[in-house]
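The hints should help you fit chain B onto chain A, whose structure is shown.
First to last, the sequence lines map onto chains A and B.
Residues 74 to 496 in this note's numbering are what the first sequence spells out, letter by letter.
Residues 74 to 496 in this note's numbering are what the second sequence spells out, letter by letter.
Possibly wrong hints are sitting among the right ones.
Since the list gives no way to pick out one identical chain from another, each pair is judged satisfied if it fits inside one copy or across any two copies.
When the alpha-carbon atoms are kept at most 27 Å apart in a straight line, the in silico DSSO-like pairs for lysine-lysine are as follows [claimed, not checked]:
no.: 1; residue 1: Lys464; residue 2: Lys145
no.: 2; residue 1: Lys375; residue 2: Lys419
no.: 3; residue 1: Lys208; residue 2: Lys140
no.: 4; residue 1: Lys148; residue 2: Lys277
no.: 5; residue 1: Lys228; residue 2: Lys277
no.: 6; residue 1: Lys178; residue 2: Lys277
no.: 7; residue 1: Lys277; residue 2: Lys145
If you're looking for bench data, these hints aren't it; they were derived computationally from the structure.
There are 2 protein chains.
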Amino acid sequence: MMRPILGRCAARCAPRCAPLGATARPASRVLLGTSTWRPTRQYSIKAEAAESSKPQGLDASKLTVEKTTKPKPLKKAEELVFGQAFTDHMLSVEWNKDAGWLAPKITPYQNLSLDPASSVFHYAFECFEGMKAYKDKAGQIRLFRPDRNMERLNKSAARIALPNFDPSTLLDLIAELVKLDSRFIPEQRGYSLYLRPTMIGTQKTLGVGAPGSALLYVIASPVGPYYPTGFKAISLEATDYAVRAWPGGVGDKKLGANYAPCIVPQREAMSRGFQQNLWLFGDEQFVTEVGTMNMFVALRNKDTGANELLTAPLDGTILEGVTRDSVLALAREKLVPEGWNIVERKYTMQELSDAADEGRFLEAFGSGTAAIVSPVRSISWKGKLVDCGLKPHEESGELATKMKGWIEARQYGDEEHEWSYTC
Amino acid sequence: MMRPILGRCAARCAPRCAPLGATARPASRVLLGTSTWRPTRQYSIKAEAAESSKPQGLDASKLTVEKTTKPKPLKKAEELVFGQAFTDHMLSVEWNKDAGWLAPKITPYQNLSLDPASSVFHYAFECFEGMKAYKDKAGQIRLFRPDRNMERLNKSAARIALPNFDPSTLLDLIAELVKLDSRFIPEQRGYSLYLRPTMIGTQKTLGVGAPGSALLYVIASPVGPYYPTGFKAISLEATDYAVRAWPGGVGDKKLGANYAPCIVPQREAMSRGFQQNLWLFGDEQFVTEVGTMNMFVALRNKDTGANELLTAPLDGTILEGVTRDSVLALAREKLVPEGWNIVERKYTMQELSDAADEGRFLEAFGSGTAAIVSPVRSISWKGKLVDCGLKPHEESGELATKMKGWIEARQYGDEEHEWSYTC
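Isolated chain A (complex conformation) (with noise of 0.2 Å):
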């Protein structure tokens, strides 16, 4: 075919190219998104996840299993470091327009082996997830709270143009990764086997379009806890010499987009001797996340003098975290009976300030799946430190600490909870 035909070209275009052009005038529309962030503006994405002409859905149980030949020696709990050691296995799937997804496969953990024009390498189609894998005191496999990371990689699918799965098929097939490998995971409180489930496109032609092949894999990684001996805190730069995310943006998906374009500023904070940038948006200062954790600040109110643990709301721009999700439950379930106020809204870094001067900042903390809370000492902002009421021979508050014991406890299965999914 000399050109593509109309209406697929503007779909395979070059980037800074022309499509073809359509020469029938097309109809007008209204183009009015239906989600509001703030009151002048509304966007709205309505993501809709790569669909096959003949459908096969995810089927587990076309799984085939090819056992290593060459099983790993396990590492010492004390050698284990974030992500740099893999199991000896993987789940994969592949995805096409055509056949919908094929026969998932377990085989030896391998280098995966791509056209050099494959999309995941020119336009960033790739999305993942963080989750882990625990053993209870029973010798039991637990996964926590899997099926919002299945729903999360959907939605972040979707929002790049591919595939989307039945989430509960996936899970199985996570679930028998997970048990063949289970030597893997560290028996120690604190240790667990980090589950990182990632889809990419795989499409091996240079138009800008939606990907029409997909590969989806697992790979894990046993891990220690981040604080073997306590609680060390964190300082953060506030940062708004960038920005990480925006209205009409995606800074609410796990996309890899999200994070190369972070690590220039994480560089810079730290050497200045911060340990994350504490994102702020807009005029108004407000704080977001921080470079890889959602954010909750502990503040007594200064008109009812009442305790509030606050953190941003889900407005597009935030990471929908599992373990922020969590935080908010407990922090419900928990907190609010003895009196405090569990409030999503939006704050700005001078009320920080404020309440850091009046003497109402009691604690804060980021949350995520790899150290669960981390407490915060103290944000830099404006050319001054803003304290954050930890004592100086704290390295965590009452809250994070408490925090912390709830969610491991659901974690480990020593409160049997819905969120506990054994495998």
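Showing chain B alone in chain A's frame:
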């Protein structure tokens, strides 16, 4: 090592995790950018390319060439589809932070073999360029302003902590690839060899940080003209429900991260009969750029009656197009003497709508490497179609037609010019 050493953890920490904390109290610093975007905010990223401890620069003298034993048959010119078929060979150079750039290799075009944990798959460590090689009437190979592509690739790489390279050395290496595969450069006017320099992060660990290793590679695809039978005007959907780029973001860099998030809106626009999105920004509905092109409009000034060629300024949200720059330079050279004003400033959809209503909208076109210029017939905005000035039987305005001719004369060497680089 049990835990990452202090300071290293933050650069290698898990997404949604907490890094190991520092207990030292960091020094406070004032954090103000130096460039201005709008009056009330300042954004400035000091992009810094990755540095080797023993930096070994890119060295063309170390090039090795392994020729294919299975040369591909040439496709007929009329069968060429953008970015679908590639030449016999590819150029690749590995980098790591200990050794710097390794010896460049030209090899048969082949798959990349990468660990599934490679950072390119998870965190979008990837940037690229688009450029073309042409054959002139004497059969000589020419590149068009390739120094601009080399410079931009270095800027893109630095923004995501990938390594930089000596621009003229990479250009020499690309010239070697092009000469080796010169039989793939079509001889016909309007045809060329599209070149895709690409850099990806290859560190095979899941920590979020600057990749310690990378791969630079170049592949090449013979392509035809976008308009073998003359221009075809396209129609655009002005898009405000999603936002391509933001001040303080990375919209001015050629990163993979800027592409995948735009595909669902592109599909939406196509479903309504428009070939591309015209990305708007802010409450003012500023016109920024087309899906894969920079945007130019020609208007008659309301007050002075003078003709103006208008495009958005390089404010950090606009891709710094080589064709955009060429259009501006040629317009200043050839249109200003005819009384045109060439203006880089922010402009709004309302301005365009008013100009259309008042008969002052002369024409509009996108600019990009693949199509050079792409005439625009109409823009859908707020439920109406803004007419861009073409007569019903016209597929291109006078200015777009002239501009295409001026640029092609320098691309194909009809006019000897410093923009044309002879291999």
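So, going through the hints one by one against the coordinates:
For the homomeric pair Lys464 and Lys145, neither the shortest alpha-carbon distance inside one copy (45 Å) nor that between copies (70 Å) is at most 27 Å. Taking the shortest Cα distances, Lys375 and Lys419 sit within 27 Å of each other inside one copy (16 Å), while across copies they are farther apart (43 Å). In this assembly of identical chains, the alpha carbons of Lys208 and Lys140 lie at most 27 Å apart only when taken from the same copy (22 Å versus 53 Å across copies). Proximity of Lys148 and Lys277 under a CA criterion of 27 Å is satisfied inter-copy only: 18 Å between copies versus 38 Å inside one chain copy.
With identical chains, the CA atoms of Lys228 and Lys277 are at most 27 Å apart both within one copy (24 Å) and between copies (26 Å). Taking identical chains as interchangeable, the C-alpha atoms of Lys178 and Lys277 lie at most 27 Å apart whether they share a chain (22 Å) or sit on different chains (22 Å). Only between protomers do Lys277 and Lys145 lie at most 27 Å apart by alpha-carbon distance; the minimum there is 17 Å, versus 33 Å within a single protomer.
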